[in-house]
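Enquirer: Chains as they are written, first to last, in the working numbering: chain A, 1 to 170; chain B, 1 to 170; chain C, 1 to 170.
Note that these hints are calculated values from the structure, not bench results.
Be a bit skeptical, because a hint or two may be false.
Copies of the same chain look alike in the list, so a pair counts if it fits in one copy or across any two.
In silico SDA-like links for lysine to any residue, alpha-carbon gap of 20 Å or less [claimed, not checked]:
1. K154 / V103
2. K7 / F142
3. K127 / G146
4. K7 / V143
5. K127 / A167
6. K139 / K151
7. K149 / V103
8. K7 / E152
9. K139 / Y160
10. K7 / G146
11. K72 / R36
12. K127 / E8
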Amino acid sequence: MSQISVKERVAIAPPDILNLIEGLEYDYVQCIDDDRLEDWPNFFVDDCIYKIIPRENADYNFPLAIVDYDNKGMLTDRVVILRNATVYSLLFDRHIVSNVRVVSEERGIYSVEANYVVYKTDIIDGKSWLFSAGKYIDKVIFVEGGEPKFKEKKVIVDTYSIPNHLATPL
Amino acid sequence: MSQISVKERVAIAPPDILNLIEGLEYDYVQCIDDDRLEDWPNFFVDDCIYKIIPRENADYNFPLAIVDYDNKGMLTDRVVILRNATVYSLLFDRHIVSNVRVVSEERGIYSVEANYVVYKTDIIDGKSWLFSAGKYIDKVIFVEGGEPKFKEKKVIVDTYSIPNHLATPL
Amino acid sequence: MSQISVKERVAIAPPDILNLIEGLEYDYVQCIDDDRLEDWPNFFVDDCIYKIIPRENADYNFPLAIVDYDNKGMLTDRVVILRNATVYSLLFDRHIVSNVRVVSEERGIYSVEANYVVYKTDIIDGKSWLFSAGKYIDKVIFVEGGEPKFKEKKVIVDTYSIPNHLATPL
Chain A
1 MSQISVKERV
11 AIAPPDILNL
21 IEGLEYDYVQ
31 CIDDDRLEDW
41 PNFFVDDCIY
51 KIIPRENADY
61 NFPLAIVDYD
71 NKGMLTDRVV
81 ILRNATVYSL
91 LFDRHIVSNV
101 RVVSEERGIY
111 SVEANYVVYK
121 TDIIDGKSWL
131 FSAGKYIDKV
141 IFVEGGEPKF
151 KEKKVIVDTY
161 SIPNHLATPL
Chain B
1 MSQISVKERV
11 AIAPPDILNL
21 IEGLEYDYVQ
31 CIDDDRLEDW
41 PNFFVDDCIY
51 KIIPRENADY
61 NFPLAIVDYD
71 NKGMLTDRVV
81 ILRNATVYSL
91 LFDRHIVSNV
101 RVVSEERGIY
111 SVEANYVVYK
121 TDIIDGKSWL
131 FSAGKYIDKV
141 IFVEGGEPKF
151 KEKKVIVDTY
161 SIPNHLATPL
Chain C
1 MSQISVKERV
11 AIAPPDILNL
21 IEGLEYDYVQ
31 CIDDDRLEDW
41 PNFFVDDCIY
51 KIIPRENADY
61 NFPLAIVDYD
71 NKGMLTDRVV
81 ILRNATVYSL
91 LFDRHIVSNV
101 RVVSEERGIY
111 SVEANYVVYK
121 TDIIDGKSWL
131 FSAGKYIDKV
141 IFVEGGEPKF
151 KEKKVIVDTY
161 SIPNHLATPL
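Hey, can you work out the whole structure from these sequences and the hints?
Expert: The following block contains the structure:
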């Protein structure tokens, strides 16, 4: 197996570190699901990267991203735009995050992967459907005070035929 | 961020407590999926609350619940009724529980949130579909002997256009 | 409750063991999702069992399995066959694994259960759909050097009307 062993991988993040990293991933999606979008940029450091990339492009190392932000201010701007639009508010989000795996660590930067699925529900008719399945490829650091933050979040979307709106963040 | 930090939130439940609370959530849904409904009330204390609330009502603090039980006896009664009905037995349940988050603790009562999705499968044609997506908002206590139990479980359902039957518990 | 208590069940696997077993389950599905199928047999010991069984058969203890392998060589053979076929490569896989529960331990063999859902995405049109929901019933051992491996993996599929291909492993 060219990959590192399960034991080696799991050893990268001892339980207390793993719980904080899982905690970051879980609080991040809950913020979106609870529609507290103003808090969303605060899960990132100022000098951050946030990208949404179709899986096919990611697999072939094509640079094309659907969304490509390289600082926290751009995330804040996006929320302002979303709040001025209204279409998004007619849908509920629900994220499932699974398989949170710390795959490497270098000078305090943890490379983290996780799978996600997002279900949207129409507020009017109460119907839910699969909106997006994909993977997070993240870099997490611990800032002063020991709080975990995203230095980088790449959302690799399997589902790229996303109907109409890519309104709320993934 | 008005919310507490990831670090503060994660610190509420040390690993041994977190494992027991996640264990309770997981065993709870497995009991339902395995059709051991007679065991379902035993995940609750006698003086418990079990509610199913559409998300729109929950968000606006409307009191209307689809299901509203306030003691364990009512849960036991429900199972008896379900067992006398037969329609439910033609469907398999499969729960995914994710994002188990202990959000506060006061005098030994842990406030716990988790996202869930339930898939139903028709036994006759073997087809599976998304039945319900939503969130658990729970209060967990440790009873004598250290066993975790639900003092309260509120099931906030995103999906309220639930076809026909809300037979097995969520 | 005839089942063992949550506390007793959780005590079977202390945090370090649990993290390794969850790590095995997560790395296993990630290997499939990342299309590193040549690595897939390496999650098993040589003398292993891998079965895919429809849930209805499992519930009634019918022996009939869709897939029934009893050594690692059969898994390797399957990958060779898959690589020579081409149809599978037009679909992306995405696994969600949840509710990883260590339910018993005897002489170093851990009985583990987990729920899974697999979404497939068509590479051509980018649409995702629920492919299979079900449960893993596994036996995990720690081989020399402390690496966890599957001694046995039974995939109990709720969804048995699986369209056409059961190409990539579950």
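Enquirer: Taking the hints in turn, state whether each one holds.
Expert: Here's how the hints hold up against the structure:
no., hint, verdict
1, K154 / V103, "within (15 Å within a copy, 27 Å between copies)"
2, K7 / F142, "between (23 Å within a copy, 10 Å between copies)"
3, K127 / G146, "neither (41 Å within a copy, 40 Å between copies)"
4, K7 / V143, "between (27 Å within a copy, 11 Å between copies)"
5, K127 / A167, "both (18 Å within a copy, 18 Å between copies)"
6, K139 / K151, "within (5 Å within a copy, 34 Å between copies)"
7, K149 / V103, "both (17 Å within a copy, 18 Å between copies)"
8, K7 / E152, "between (26 Å within a copy, 19 Å between copies)"
9, K139 / Y160, "neither (23 Å within a copy, 37 Å between copies)"
10, K7 / G146, "between (26 Å within a copy, 7 Å between copies)"
11, K72 / R36, "within (16 Å within a copy, 35 Å between copies)"
12, K127 / E8, "neither (43 Å within a copy, 36 Å between copies)"
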